[in-house]
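Asker: The residues making up each chain are set out below.
Number of protein chains: 2
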Amino acid sequence: MSELINRQYYLAKRPASVPTPEDVPFRDVPVAKPAAGEAIIRNMYISLDPAIRGWMSDVNNYIDPIAINDPIRSSVIGRVVKSNSDLVAEGDVVMSLGAWERYTTAPAAGMNKLDENSGIPLSNFLSVLGPTGLTALFGLMDVGKPKAGETVLVSAAAGAVGSIVGQIAKMQGCHVVGMAGSEEKCRWITDELGFDAAINYKTCGDYEAAIKAACPNGVDVYFDNVGGDILDAALMCLNRFSRVAVCGWISTYNDADAPGPKNLWQLVAESATIQGFVVLDYVERFGEGVGQLAEWLMAGKLQFKEEIIDDLDNVLPGFLKLFDGSNQGKLIIRIPE
Amino acid sequence: MSELINRQYYLAKRPASVPTPEDVPFRDVPVAKPAAGEAIIRNMYISLDPAIRGWMSDVNNYIDPIAINDPIRSSVIGRVVKSNSDLVAEGDVVMSLGAWERYTTAPAAGMNKLDENSGIPLSNFLSVLGPTGLTALFGLMDVGKPKAGETVLVSAAAGAVGSIVGQIAKMQGCHVVGMAGSEEKCRWITDELGFDAAINYKTCGDYEAAIKAACPNGVDVYFDNVGGDILDAALMCLNRFSRVAVCGWISTYNDADAPGPKNLWQLVAESATIQGFVVLDYVERFGEGVGQLAEWLMAGKLQFKEEIIDDLDNVLPGFLKLFDGSNQGKLIIRIPE
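So the protein sequences, as listed, match chains A and B.
For the first sequence, my numbering assigns the number 1371 to the initial residue and increments by one for each residue that follows.
For the second sequence, my numbering assigns the number 1371 to the initial residue and increments by one for each residue that follows.
Derived from the structure by calculation, the hints contain no laboratory data.
Being a predicted model, the structure only gives us computed values, none of them experimental.
Don't take every hint at face value.
One copy or any two copies: either way a pair holds, since identical chains are not told apart in the list.
[Claimed, not checked] Mimicking DSSO-like on lysine-lysine, the simulated pairs with C-alpha atoms at most 27 Å apart in a straight line are:
1. Lys1403 <-> Lys1671
2. Lys1452 <-> Lys1691
3. Lys1632 <-> Lys1383
4. Lys1582 <-> Lys1515
5. Lys1691 <-> Lys1403
6. Lys1483 <-> Lys1403
7. Lys1452 <-> Lys1572
8. Lys1383 <-> Lys1671
9. Lys1582 <-> Lys1383
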């Protein structure tokens, strides 16, 4: 195994704004030898998520920032090529916390075996049946707590998380409104996913007026993927006892000086709640959550998109699509064999 | 009754910052005649609360802003001098929504009779046994949800609400830290009320460092009376799954351009919750709450201060003590017979 060479994208310096190839260059290094209890996997899929941008910054977060010189942390799916653990064996396909790299060496205890013959494409375990779908499920149901007849507003509604949130909210009997960044995305969420209305935030003009027009009964749950001006506008549309579930604030990740929301007084005016969450809060319920998502998926009740990009060397330009909104659904890097 | 003249302090224009006598002048007008179901009370006590400053502004709020030319809305205790309702009779002492005025004409259905011979000073029904105590009780217990062993941080801790919050939190077995604006106030909350530590925010320097020093295990519940820089500092000290109960943001009421909290990302970093509330959310539980507060009071477990100022013509300078922190406990205007 000693001849295996690992191409790694690593954090050379913390990005001042949008990450550049100077911030995240690559290097070819020998694959780290697995310690006892560890295994090496050859990565097949790498998940690209907005949260990774947060980890590149030196701010307090739910997990440590990526250290300077460390590879860019990411969820991965790969095949075990060497194991120093009884938990996984050579040839197994597993999901693991890994990095933007060809090979990941990590504790086998943190790897979840996947059945590559289940008929479910492996990439789905990074999207609708993975952290993305679970974020939508637990964030909406446990943080947003929608009730039938309520109005649920979702930003980044054509995104990997938002598109699932809206469909689950529809299943709860809610009036569901999504905000997305193109006419094509808006059509997809209304015509294909069943959202009641869509707002093209790039052309709608005044956000608050657009939200009020699409949510004539106000907003009971706002599932916030973006923060910034859209959060401020949504705050002005909240109903009494409404809930804002904060998944992440992609609009602010590349701007360390982004101001705080100016309309937060609405919390007192409407006895409203803002709650942050991460999917890791629900790790003990992942099995339950995947089961629920799989049931809906098999019943034809959940649609989703994956944008799969070959190959590892496209990881940074692929990642940046999250920030200009040019991706179509869940972004995944595939590394062909 | 037609000869009764009412001195009223009213909203001539919305204050740009700290309310001035030009914003809130007085007028002497005939007392409004009571319609069917209404009564006139001769006010004995007027409650001065930070929330009133919010009602003077034309922002969305949990109740309508005070209209220009209307008297300044306030809770009052008074004696019925004329009743057009079976619910209250001449001579009854009642609490009501009233105004900064000598006489209030209001619906009897909104008046709560008080027993002036119970041995409890009437003013207490505006402080520890009134909206102030109930705000502390429900805000801490239902929004903050403290558990034994957790750390509870309270701002404006020597104030009417904060001082009750801290004492209730101590009864829950919490480590309780208060922030107040003078050494005297800090001594009062630690030496008399049993807070574990106090921070003099006027002399402590860096808020975040001071909070971290006084809360070595971090903050699980922050009962926020002030907003602004202290909220931002408290956000940086939050523990995972912590709760911020927002009672009001007195530091921002006189500054329409106050920026939003810049550290709100901490909600996601710590899966924390910020929830706004007003005591009116709990109106159906007022009886239960007053009973609980009275039980603690009679058991000697609750201490409180009232700063009672004579007379109606001191209402505006009295009110402004809330904003420079020169008041000592619950501010009440008394109008001697």
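Asker: Look at each hint and say if it fits the structure.
Answerer: Against the structure, the hints come out as follows:
{"no.": "1", "hint": "Lys1403 <-> Lys1671", "result": "neither (44 Å within a copy, 63 Å between copies)"}
{"no.": "2", "hint": "Lys1452 <-> Lys1691", "result": "neither (34 Å within a copy, 72 Å between copies)"}
{"no.": "3", "hint": "Lys1632 <-> Lys1383", "result": "between (31 Å within a copy, 24 Å between copies)"}
{"no.": "4", "hint": "Lys1582 <-> Lys1515", "result": "within (21 Å within a copy, 33 Å between copies)"}
{"no.": "5", "hint": "Lys1691 <-> Lys1403", "result": "neither (33 Å within a copy, 68 Å between copies)"}
{"no.": "6", "hint": "Lys1483 <-> Lys1403", "result": "within (21 Å within a copy, 79 Å between copies)"}
{"no.": "7", "hint": "Lys1452 <-> Lys1572", "result": "neither (49 Å within a copy, 61 Å between copies)"}
{"no.": "8", "hint": "Lys1383 <-> Lys1671", "result": "neither (43 Å within a copy, 56 Å between copies)"}
{"no.": "9", "hint": "Lys1582 <-> Lys1383", "result": "neither (42 Å within a copy, 29 Å between copies)"}
Going through the hint list in order, the structure does not satisfy hints 1, 2, 5, 7, 8 and 9.
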